[in-house]
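Colleague: Each chain is listed here by its residues.
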Amino acid sequence: MPSGYALGIRLAPWMAIALLSLPVASGLVGVIAPAFGWLPVLGGDTLTLTHWQALLEKPGLGRMVQLSYVTGLASAGLSLGIVVLFLGAFMHTRLFSTMRRLLSPLLAVPHAAAAIGLAFLLSPSGLLSRALSPWMTGWQHPPDILFPGDPHGLALITGLVLKEVPFLLLMSLAALPQCHASERLRVARALGYGPLSAFLKAVLPGLYPLLRLPVYAVIAFASSTVDVALILGPTTPPPLSVAVLRWLNDPDLSMRFMASAGALLQLGVTLAALATWWLIECLLRRLTHTWLESGRRNSGDAVFGGIALSAISLSLLLIVGSLIGLVLWSLAAYWPFPQALPQPLTLRNWTGAAGSLGDPLTQAAMIGIIATLLSLVLVVGALEAETLHERPTRPWAQFILYLPLLVPPVAFLFGLVLMQVQTGVPPGTAVVILGHAVFVLPYVFLSLAESYRRLDPRWTHLARCLGASPAQVFWRVRLPMLSVPLLTAAAVGFAVSIGQYLPTLLLGAGRVSTITTEAVSLASGGDRRLTAVYALLQLALPALGFALALGLPRLVFRRRSGLLISS
Amino acid sequence: MLQSLALRLLPLLIILLFGSSSLQAQDLDLDDWASIETKAKGQTVYWNAWGGDSNTNNYINWVSKQMQSRHGVNVVHVKLGDTAEAVSRVVAEKSAGNLEDGAVDLIWINGENFAAMKENGLLYGPWAEKLPNFALTAPNANPEMRNDFTLPVEGLEAPWGKAQITFYYDSDRVESPPRTMQALLDWTKDNPGRFTYPLVPDFFGSTFLKQALLGLVENTEPLYEPVSEADFKAITAPLWEYLDALHPHLWRGGKSFPSSGSALRQLMGDGELSLAFTFNPLEPAAAVADYQLPPTIRSYVLDNGTLGNVHFVAIPFNASHKAGALVLANFLLSPEAQAHKQDIDVWGDATVLALDTLDEAQRQAFKSLNNNRAALPLDALQRTLAEPHPSWMERLEQAWLKRYGVR
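Going down the list, the protein sequences come from chains D and L. So the first sequence is numbered by our numbering: it starts at 1 and just counts up by one. So the second sequence is numbered by our numbering: it starts at 568 and just counts up by one.
With the rest of the complex left out, here is chain L (with noise of 0.2 Å):
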């Protein structure tokens, strides 16, 4: 019976798709912007973006209000709680022949995330660096805006934050935290217990390897290329050596691990650890501000530096509302958005803009930071190392759970 009915109801469901989607077809002229800004108009843009945070979701919900009056459209934050739930659906849509009406828009991803859409095709673009902002990036001087993971963007994604490993501590509990992965080691011999990473692979977790290969190899050159099976097995065993060392100190002896990058920071609210790191620098200032953490937390950097990368947002090859997304990318990177973004009282997401493209007024938005005692001083994000190849992580994460994944 219900078959019947919805057999008798395709022919009108595709007419009513596809026409549709004819209609709206959507050649879009990258190099007119008032155009676009046009098309976009009275648009609904569904943009895909991981909702755990509320600080994060306040500021979505600003920037939805500040399109609406601005640009005259309509941003619906999708609140997921996995980036790959938004992937998913693009790929549904790709392998049932859904190539221009797709229900995601724009989605926040990190590296991992775009490697695998640029490869497989489910990437709209180049459009990023059409957009008028994109140039305030000084994209000659920074190169991390052109580069993912060591992967070319080659305009299929735009900046948004910035991100870098940043630890903090407890100051009430630890004097002087370890500033290199050796002092780390010795640290946790002297505290056993009170530090520990989030479960492999989850992204935080596969950072902190990375950090610890950075650290512990004489020459980072080969891990800035593809990994290849003869150098991988020689140029990771300082660090299998090092984890070796490390876990049986480690919070409940390594034998289980917080599931991701927030659950470690709910372990450092609850006392349990006293030591910690996170991947966005002003963070633990916000938390701070918000009650998570205890006032006596500081953050700093190690001393050779800390991994670093930029966040991005894409957009789906078959998104329905193309302009619209185009419209709301162009202003995440304005001036005024990044400003309110990088507050600790509002995100404290670091920006993508170089200040020295901003007119006196601009930078004056950006608040000073300098007497919260939380937060990382600005100049120590200068101590940036470049994200290795996304086929690092693979086979770093491959090899992890043979050796630690079952105890």
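In isolation and in its complexed conformation, chain D is listed as follows (with noise of 0.2 Å):
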């Protein structure tokens, strides 16, 4: 289809540029309007900075709007950390591989479900208490002890973390070979560098440019969570996200107003989280240029190997903890404290919701897949015209194909769909399969471009002395190439698109209902034996695509593993 080919390559970036452009662009200007006073609907017909004030008047503004920043830098720092020191200690070992295998699972948790679980593994009434109570700690009635929902978001930030570390970890998975880790390693190792030391001084710097945007994006979705700070974070005050969506959901409806103008805010803190780390990043780049090249052979390679092991250790324990007490809760009648185990166990709870389920599911599966095919359509386009062009996307593309992930979701979401009614557009699945396209996508670019980018254009050149069309090349030598990375980052967009709540909502009127939009409305119930089922579900079909994902691969090219690089 040499024809389609062309059209195709030509329409992609315009398209894909659209969909998220368009969408994101109205939805700002829907946020913009009201928060300098103009949203004539409920009363406001004359442009005002009142609501700023009133924002700027708020008790403990200064506070929310400083844990956000910190939220967001310290949960980038602390995962960009282990993640980078684990690779670095135990890169090409057997825990490597381990680690490897387990990543999927890990993924498919979604956030909201991961925080769930640390909240009842490490509260005081939790399971580790329960554990520990009475036989150690004495305790027959739960301590009063103040976390998680301390005032620093010290367990906001470890929710953060152990969701950003397996997330991280994929996308360096995807970028080592691209920078040659293992070639550059060799060669350090040889020059008599400690394994931590090579890896940080030869591979680093190589790797880390590739890994500079999905750092950022842990950065803007730490510092603008909405439902993990619901579940960890603090109180007195809440972060700025959190209180944001609150004076949005405000029974007073002129309190939108004052919304608007926070959402702003929070716009500007995750802009000056990000800033604060690329002048960092700038900082070290220099500081670090002597330690470099002092040629040192060890710096403490043991002591940040075991910090490495621990941490990692810590956080799969943490995680994997968190699942049983989610499972545990799915099987519980009246659990009371101190029992470690609900006794009996019963299968009531997945009884009950059985009846209801079958809908969600399939609908959430359906949205999920078709808003990843169009992604990937949309992507694959884009960075094919970029190499047969042989020109890298601009810089104002690039920018635009992260937009969705920088701009916090609750700023944009009132604007898209006051442009939704205006421009007619049913709600409907049509509409909520394009709405999370427009979150999906960015995530597909950022797993895939790399990858794409990096593909050795000599077999583009071979196949083509050998008579290849460009659309053959594509069809017949790329794609099969690079059926991991593509397939990974189908996978990605698929659990983003599962983990979409406010988008599903809004757009759809409520009239789509996924797994995802009934475990959210069951979670403000506080049942947490049916939060637990549906969590537990919501986990279940991006685990299935990350499977396939990995599975695949292998098996259609089982008798062809030298076509599949960079698994």
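Once the Cα atoms are required to be at most 25 Å apart in a straight line, the calculated DMTMM-like pairs of lysine to aspartate or glutamate come out as:
| no. | chain 1 | residue 1 | chain 2 | residue 2 |
| --- | --- | --- | --- | --- |
| 1 | L | K822 | D | D150 |
| 2 | L | K777 | D | D252 |
| 3 | L | K632 | L | D910 |
Computed spacing ranges between beta-carbons, pair by pair:
| no. | chain 1 | residue 1 | chain 2 | residue 2 | range |
| --- | --- | --- | --- | --- | --- |
| 4 | D | A275 | L | P710 | 54 to 62 Å |
| 5 | L | P815 | D | H92 | 52 to 60 Å |
| 6 | L | D594 | D | E57 | 41 to 49 Å |
| 7 | L | T863 | D | L154 | 31 to 39 Å |
| 8 | D | R394 | L | K969 | 45 to 53 Å |
| 9 | D | L544 | L | D598 | 50 to 58 Å |
| 10 | D | T346 | L | D598 | 49 to 57 Å |
These are calculated hints, taken from the structure and not from any lab test. Quick reminder that beta carbons are idealized off the backbone N, C-alpha and C, glycines included.
Each chain sits in its own coordinate frame; assemble them with the hints.
Modeller: Laid out in structure tokens, this is it:
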């Protein structure tokens, strides 16, 4: 299909840009106008700064901003630190391949489910405290300790790090072959550098540029997260994003104006966190210059290796403990403190939910699959255009691709609904799919771009010399060779789609019910046993996606394993 | 590309939307109920209701089956995490000039949301008093059917269920629970960390403030008038004094608060608290039956009575299926639907019907609860205090956030 190929290549980049920029831009307009007093339906027909004034006078605003800012930077810093140390200390070891296998189930755990599990694991009435009570602690009743929900947001940061470590690890796995990590490492080791020093000095300078955008995405997510913060974050005051959502949901409709101003402030905080990170990057580049070239072969390798091992094992233990907690709750009837295990175990929660599960599950899967396919086609088209014209995507287009990741969703979803109603697009599955694609596409791009760009151009040249047309090269050489990164990107995209709550609810006017909308509305009711059932189901779909992504290529290409790069 | 396609499709969409909505022009004759039932047939009603409670969800599911078989109306429960999500939708539709083709047909709302929607002209009506079953609430004897948070309802919403602040405790851990606000303070001092209230401005948190205020002031009359600067400080002084004394002894030392009423119940289930309260008098009993709370739970109300109110359903001004929504609202008020709702094995939400308007057979359907030890004796609900004017709630919330919102 050469003509289809050519047309697709020409259109894909523009369609991707339209898909991303139109909703975000119109969403932002829909929030900027009310922030300055313009929303005639609620009586706002003059431009004014009074809502900003009201926002600035909110008690605790400084603390809210600080919490969001610090959370964003700290969780990104910690996650990146853990990933880098782990890679440095353990690349090419058995532990490394075990971790790689565990990665996909870990990635599949939705943020909110991980947060609920962690809260239950660590809270004073939680699993850990039950396991140790009363025989060790003497507690007949749960102690009164402020965690999670501690005022400094430590529980919140822990929860975010648990989820971001697997994400950054996945991104590194995709990036390592592209920066020729093994070769670099071998050279450095041959020169007598210790394993970790070799990694930090020879591999990291090449690896980090490939990880930069994922790290920025982590900062943006962590500084503006709502669902994790609601479960693990402090309450007096909460992080800014939670406060914005509260103002937006306030029954007093005139609060919408101030909420819009707050949403813009949230955008500002996220950008400030990103700018700070960038400055730190520049600073580190300068400061580490002499260290990189000092020629010292060993800088505390054993110590840092130990730290890496404990950090990664702790993260693993916490996340596995959280999952065990969820499973136990889903099987519990009344489960009082300090019983360590629910007695008797019952399937009642599962059978009770079973009747109403089919539709939300298939809906979620269908929306996720279509949104992912759409994103995948557009991303591959855009990347193929890039390789074909041997010209990198322009910086402004690059920026637009990441726009939905950088702009906090609370900031533009109301505006988006306004646009939807204005253009007369009826709420329903089709709009929801497009809305999901807005969030899925950037992640697919993020996961796929570098692998796609780094595919050795000599394969193309070789195939062209053998007489293949550009379309044939694309279909028969490039796509099969890229099947592992393609499927990984699809699995990431699918998981992102499954996790979407607000876009599904708002764009579908609540008529499209997925496993996630069910889970979130049930979670607001506080029945932990049902929440656990839904959280586990919510996790099952993306887990299936990741399993397929990892398993399929090995099965399909079992006779041509040389085709598979960067797996 | 996408843009030009959309532009070309836009006229078509407009014709489709507005053409169809003018066809089903909604000039309903509320005095001719039979005509409304006819119009309702075959409609799909999108009922936006909080979806956080599986008992409630199951009840709504039962309602939708009944509506299908009795009236040929298809009811879809749009499960919300927060009612504001539906209100946002209506606001967006009004801003965009969508005046008759709204996506929300019926909303389950509380007094605050009602006040806001009424003030901004987002509601359809008056219609509620035209419902054939409305008379069963005996509105002349029960003024709370016509007043929501002191605001006159004016037929813009129909009563659905009753709520009253009900305290509950674990009788294994508490011998005699506190029955006045002052006793609550003393009890909390003796049992530090075992009581708290949800974070203001959550509905339950704000309600606790009002309850405390009503129990602490000498003269409650000004609370039923709009709040004014001059009295606010003087009238609320005892409340702040009380909270200043109470907070150090609350759960987590008053440094953190649970996010909602449901979170409060979860803390009771976890054994972190031994005394809590709810707005639904039968909820503790229903939660015991559902294995969420220990069987040793007992319910009671304070000696001088507790705040009570009625929760309602309303129809947005631009609902697409008003006839169906009306028939649904009427069914919700039927003796059968109300009796099923009050059954604690179903939901346990108290009825708004005046039982003396029903015949013997209908009354029988309301199951006796005398043998349930976790449930509140229904005569306790007589001691109901009316909700203050909504402007008080707002001022209390602001003042609370200023004093305690940042620790």
